[in-house]
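Protein chains in written order, with the working numbering: chain A, 1 to 193; chain B, 1001 to 1193; chain C, 2001 to 2193; chain D, 3001 to 3193.
In case anyone wonders, no lab produced these hints; they're calculated from the structure.
Have a look at the derived ranges for each label pair, beta carbon to beta carbon:
id: 1; chain 1: B; residue 1: Gln1139; chain 2: A; residue 2: Ala73; range: 25 to 33 angstroms
id: 2; chain 1: B; residue 1: Ile1157; chain 2: C; residue 2: Gln2125; range: 49 to 57 angstroms
id: 3; chain 1: B; residue 1: Gln1139; chain 2: A; residue 2: His69; range: 19 to 27 angstroms
id: 4; chain 1: D; residue 1: Ile3150; chain 2: C; residue 2: Thr2132; range: 31 to 39 angstroms
id: 5; chain 1: C; residue 1: Gly2072; chain 2: D; residue 2: His3069; range: 21 to 29 angstroms
id: 6; chain 1: B; residue 1: Asp1071; chain 2: C; residue 2: Val2156; range: 30 to 38 angstroms
id: 7; chain 1: A; residue 1: Val179; chain 2: D; residue 2: Glu3029; range: 48 to 56 angstroms
id: 8; chain 1: A; residue 1: Arg26; chain 2: C; residue 2: Asn2004; range: 34 to 42 angstroms
id: 9; chain 1: C; residue 1: Ile2150; chain 2: B; residue 2: Lys1003; range: 24 to 32 angstroms
id: 10; chain 1: C; residue 1: Ala2038; chain 2: A; residue 2: Gly30; range: 27 to 35 angstroms
id: 11; chain 1: C; residue 1: Leu2178; chain 2: A; residue 2: Arg129; range: 51 to 59 angstroms
id: 12; chain 1: C; residue 1: Thr2132; chain 2: D; residue 2: His3069; range: 33 to 41 angstroms
id: 13; chain 1: C; residue 1: Val2156; chain 2: B; residue 2: Lys1003; range: 32 to 40 angstroms
C-beta: ideal position from N, C-alpha, C; glycine also.
Protein chains: 4
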Amino acid sequence: MSKNRVEAFTDGVIAIIITIMVLELRAPEGGSFEALWALRYQFLIYLVSFITLAVYWNNHHHLFQVVKHVDGAVLWANVSFLFAASLFPFATAWVGEHHVESVAPELFYGGVVLLADVTYYLLVQCLLRVNTRSEAVVQVLGRGYRKPLITITGNVIALGLGWWWAPLTIIVDTLLLLVWVVPERRIERHLSR
Amino acid sequence: MSKNRVEAFTDGVIAIIITIMVLELRAPEGGSFEALWALRYQFLIYLVSFITLAVYWNNHHHLFQVVKHVDGAVLWANVSFLFAASLFPFATAWVGEHHVESVAPELFYGGVVLLADVTYYLLVQCLLRVNTRSEAVVQVLGRGYRKPLITITGNVIALGLGWWWAPLTIIVDTLLLLVWVVPERRIERHLSR
Amino acid sequence: MSKNRVEAFTDGVIAIIITIMVLELRAPEGGSFEALWALRYQFLIYLVSFITLAVYWNNHHHLFQVVKHVDGAVLWANVSFLFAASLFPFATAWVGEHHVESVAPELFYGGVVLLADVTYYLLVQCLLRVNTRSEAVVQVLGRGYRKPLITITGNVIALGLGWWWAPLTIIVDTLLLLVWVVPERRIERHLSR
Amino acid sequence: MSKNRVEAFTDGVIAIIITIMVLELRAPEGGSFEALWALRYQFLIYLVSFITLAVYWNNHHHLFQVVKHVDGAVLWANVSFLFAASLFPFATAWVGEHHVESVAPELFYGGVVLLADVTYYLLVQCLLRVNTRSEAVVQVLGRGYRKPLITITGNVIALGLGWWWAPLTIIVDTLLLLVWVVPERRIERHLSR
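Next comes chain A alone, as it looks inside the complex (with noise of 0.2 angstroms):
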């Protein structure tokens, strides 16, 4: 099985994804800089979770770079991680309706980021099982990779942290954005080799 049918088909949904996200954005109801400053916390989660998205992708992407070999595994675990992400339009839409102070919307939101990267995590531990010892993937994040655990566990804290004030879940969420804005340095030193 080939990977560019993985990849064309990941970077196709990841590109539609962050762009309908602009659909929930609904134009003001007035003509006026009040109206549109009632939008102000929709357009800062809409640009939290374009950039989510835009590290995601990034990163994704980077990862594939030092890939081989794809099986069924793998696939299922790529379709789980586009799951994950195609709520994003739909978290975003719900906390910038409910602005940020509303615990249900913020949960759920950072619920969505922690399915990614539990499905994420998955993807990479499936891409490490079907790739033999000496090839890329294997050697570059085989022993040490901790980004995704890190990032989880993160997510839990979060999670944890929006019960006492809801917007900490999503601000923790993009601290953590971080770790993942410079993609893996092994990646790009094996590349580079």
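With chain A held as given, fit chains B, C and D onto it using these hints.
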């Protein structure tokens, strides 16, 4: 006529269908967990449709890996299949909004699945006709390829059961997916040869 | 300038247009078969638009297989064609919501088809101008390529008939598609040479 | 890091943005020509946005034809540009719904254009920094490439004029597009060498 054009267009259309379905999931009416819980059936049916389309995409892509020639008939069989697939967002929204116990939405959903399976079967038949006996697709699928016929029979039974208890239509159609989750082993074997 | 960029962008835009049209099909107001039956015209016009766009895509793709050079004029003729195509979801929604007997939506739909055919004709003319006499597109389409002019004439007649009985506009335009269902045989012959 | 990934993702996102804008054009409230005429400003601004995004896409694509190297900074400058572009459907819907004489929507639209031009300028600067002096992009655009700065200055003036008479913002920004309709001649000359 090249098969690549059919493949790329199909991949694009299915990626878009699978993604825009989420736009039918409107944000809950309030900021509480109860408001989210009220959407549980919409989520469930969204998940079912997401998986169904992923399975179709996977099998379509697999199928075309052993195809060499396409003609006008293949093209139009494929467009018919895409038309059936394009009805999923509508069917999903209708079932989701009217819970899972209404007969009409469930049977309509079952009808869309049936249409997709019939057009997929037609597509396979058109491919078998245009490719000569020595070509991979005929050698691999030319004899004893019963999956599409089993599913179509199952779809019809699912529609019948839906009259008795509506949710059975989608439950049976979803179980039928299991036949397709692992794409045709004969294609895998041929490709790895 | 490479023709691939024009092709890929066009394929992407048409795949998106053909797919998002389904978003204009709102789920029925209730869970009964009557509620679905009330949408029969919307389904019919959706089907017509789906086939129309599939025919355009097929012919556009065919056309570009014999093209070698593109320039700025081709690019802008193509953008004009895509703009016309992008109005289909709007026209489809308007006709669908106001049944098939209102004059204004039918004539508007006919106008969109006319605009698409005129811009397609312009695109062909620009391609003939930028490619030299020895190139395939000129040899194949340079003389006696009357299809676009026949369709444009037909579109104008369709608009006239629409004043008399509105549905005739779309009926005539749909019949005109038959001229295009099988892409230009001269291109096929050239490609199989 | 390969430039192809950035190109393909950008093409995908812009194709989707330019197409989903039409979803903001809701079908007229009735089946009469008057109902359609009431949407004339929405059509006009839709046309303007369609052309604007086509011009951006064309220039972006042209730009990347002379690019060889990309790095993380280029990637994030590009994501910023795509974020600005993604606000067009929202801005278009707001201007369209509140006619062209409201100050707030017009200035917001002008702000989105300004943001797109600033991020495009940043993208060019990042590309110039990562590519060495001997590479095409630096030789072609390294000196005297004033288009982005002219446009940004024009955008700011357009915003100022908008306070005086709102429609001037979009009128001026649209006139500024003329500078970009024909992509950089220096790139053309380089490519045809």
